[in-house]
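Novice: Here are the chains, one letter per residue:
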Amino acid sequence: MNKKYLRDDIIRMSGVNPKKCMRCGKCSGTCPAYDEMEYHPHQFVSMVENGDIEPLLSSDSLYRCLTCFACAERCPRGVEPAKLIEAVRLTAIRRQGANRLTPSDIPAMLDEDIPQQALVSAFRKYTK
Amino acid sequence: MKFSYFPGCTLKNKAKDLDRYALRCAEALGVTLEEIENWQCCGGVFTTAKDEIATKLSSVRILKAAKDKEQPLVTVCSACHNVVKQTNHAILTDKEFSDKVNRYMADDGRYDGSTEVYHYLEMLRDLVGFDALREKVKSPLSGKKIAAYYGCLLLRPGSVMKMDDPENPSIMEDMIRAIGAEPVIFANRNECCGGYVVMESPSLAEKKSGDIVRNAKVQGADMIVTACPLCRYNLMKNGADIPVIYFTELLAEALGVKEDTNE
Numbered sequence: 000m001n002k003k004y005l006r007d008d009i010i011r012m013s014g015v016n017p018k019k020c021m022r023c024g025k026c027s028g029t030c031p032a033y034d035e036m037e038y039h040p041h042q043f044v045s046m047v048e049n050g051d052i053e054p055l056l057s058s059d060s061l062y063r064c065l066t067c068f069a070c071a072e073r074c075p076r077g078v079e080p081a082k083l084i085e086a087v088r089l090t091a092i093r094r095q096g097a098n099r100l101t102p103s104d105i106p107a108m109l110d111e112d113i114p115q116q117a118l119v120s121a122f123r124k125y126t127k
Numbered sequence: 000m001k002f003s004y005f006p007g008c009t010l011k012n013k014a015k016d017l018d019r020y021a022l023r024c025a026e027a028l029g030v031t032l033e034e035i036e037n038w039q040c041c042g043g044v045f046t047t048a049k050d051e052i053a054t055k056l057s058s059v060r061i062l063k064a065a066k067d068k069e070q071p072l073v074t075v076c077s078a079c080h081n082v083v084k085q086t087n088h089a090i091l092t093d094k095e096f097s098d099k100v101n102r103y104m105a106d107d108g109r110y111d112g113s114t115e116v117y118h119y120l121e122m123l124r125d126l127v128g129f130d131a132l133r134e135k136v137k138s139p140l141s142g143k144k145i146a147a148y149y150g151c152l153l154l155r156p157g158s159v160m161k162m163d164d165p166e167n168p169s170i171m172e173d174m175i176r177a178i179g180a181e182p183v184i185f186a187n188r189n190e191c192c193g194g195y196v197v198m199e200s201p202s203l204a205e206k207k208s209g210d211i212v213r214n215a216k217v218q219g220a221d222m223i224v225t226a227c228p229l230c231r232y233n234l235m236k237n238g239a240d241i242p243v244i245y246f247t248e249l250l251a252e253a254l255g256v257k258e259d260t261n262e
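Read top to bottom, the protein sequences are chains X and U. Numbering follows numbering that gives the first Met the number 0, with no gaps: position 12 of the first sequence is 11. Numbering follows numbering that gives the first Met the number 0, with no gaps: position 172 of the second sequence is 171.
One or more of the hints may lead you astray.
Below are the DSBU-like pairs computed for lysine-lysine, each with C-alpha atoms no more than 30 Å apart in a straight line [stated by the list, open to error]:
| hint | chain 1 | residue 1 | chain 2 | residue 2 |
| --- | --- | --- | --- | --- |
| 1 | U | 49 | X | 127 |
| 2 | U | 1 | U | 137 |
| 3 | X | 19 | U | 99 |
| 4 | U | 216 | U | 144 |
| 5 | X | 25 | U | 206 |
Derived by calculation from the structure, the hints in this document are not laboratory data. As the structure is a computational prediction, the values presented were derived from the model and not from experiment.
Assemble the whole structure, with the sequences as input and the hints as a guide.
Specialist: Set out below in structure tokens:
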């Protein structure tokens with residue numbers, strides 16, 4: 000896909016303006032999933048700004064973001080990296096056959112206490 | 000006082016205590032919660048992308064049902080509250096989103112974002128009042144040291160949720176004081192438990208939840224309360240050797256409406 004089209008599409012979907020970022024790194028500093036990520040929230044912001052999106056689309060980092068909004072709440076410039084990560088994740092899973100989670104994966108993940116909320120949330124985040 | 004009430008999917012299944020005690024306490028406080036008819040699951044998480052329309056329609060229909068009855072809407076699950084409140088905010092602030100949503104709503108009638116949405120805790124604070132609550136307490140929980148765990152969904156994004164200071168909240172601690180117990184303030188009370196990632200990467204949820212439980216215990220908590228079924232699950236699965244209960248169960252105990260028998 001055209002690099003500029005992809006970048007503009009992600010910016011439009013997310014409503015985020017990555018140019019507002021002043022590179023302080025607070026988003027990554029406060030991210031609870033930092034240790035589990037290949038690309039960190041501040042890198043999502045700069046890579047989307049530069050149109051360097053393909054590496055993000057194939058990274059497991061997309062599925063480690065908790066959408067807890069710590070990065071968005073604490074950003075001194077109101078950039079909201081979580082929304083950018085969500086737009087990249089949707090771009091990845093909206094591709095045909097790219098669902099991260101399928102119903103047949105579920106039985107192995109269940110135990111008797113797991114709340115319905117966990118299942119519906121995971122499907123919202125990982126599947127289209 | 001009469002409100003529309005949206006329990007959500009988990010409260011009819013694995014989190015029956017959150018629902019049951021919410022209803023019992025409301026009754027004891029003179030509040031009528033009327034469950035919305037034919038509601039659907041909110042989806043558990045709000046999809047932030049502006050072009051996601053269909054995933055938000057169940058929330059719009061919940062909001063519209065309350066509006067049709069001219070009642071404010073009360074929610075109790077943190078996740079439902081977050082999704083419904085963020086959807087309402089999007090309708091009020093994003094015209095393109097609102098127009099698209101209302102094309103789907105043609106048969107039900109237009110929805111304009113005018114329903115007031117209260118989390119049960121906000122209902123207690125803003126509509127019932129913690130002073131009035133204090134007067135209704137039958138068995139004060141004196142001597143109990145209770146850590147209120149907020150997690151992420153109740154508080155963030157702060158500019159939308161507007162429940163409390165997202166970095167230094169006090170609503171649950173104030174409730175705990177009102178029922179005679181001692182709140183325990185701990186650093187991780189507004190950090191994420193790992194949420195839905197438990198399905199995909201249990202080790203991440205284990206680490207985050209374990210830190211929260213340890214942090215609460217170091218500060219001297221005998222018990223943790225939460226409003227979120229998934230937070231409760233994650234904390235209980237990952238190292239909680241102190242009780243983790245719903246805030247409504249605690250409230251029921253203080254108001255003397257908690258029965259011993261569990262269904």
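Novice: Next, verify each hint and record whether it holds.
Specialist: Hint check results:
no.: 1; hint: U:49 with X:127; result: holds (15 Å)
no.: 2; hint: U:1 with U:137; result: holds (23 Å)
no.: 3; hint: X:19 with U:99; result: holds (28 Å)
no.: 4; hint: U:216 with U:144; result: holds (10 Å)
no.: 5; hint: X:25 with U:206; result: holds (21 Å)
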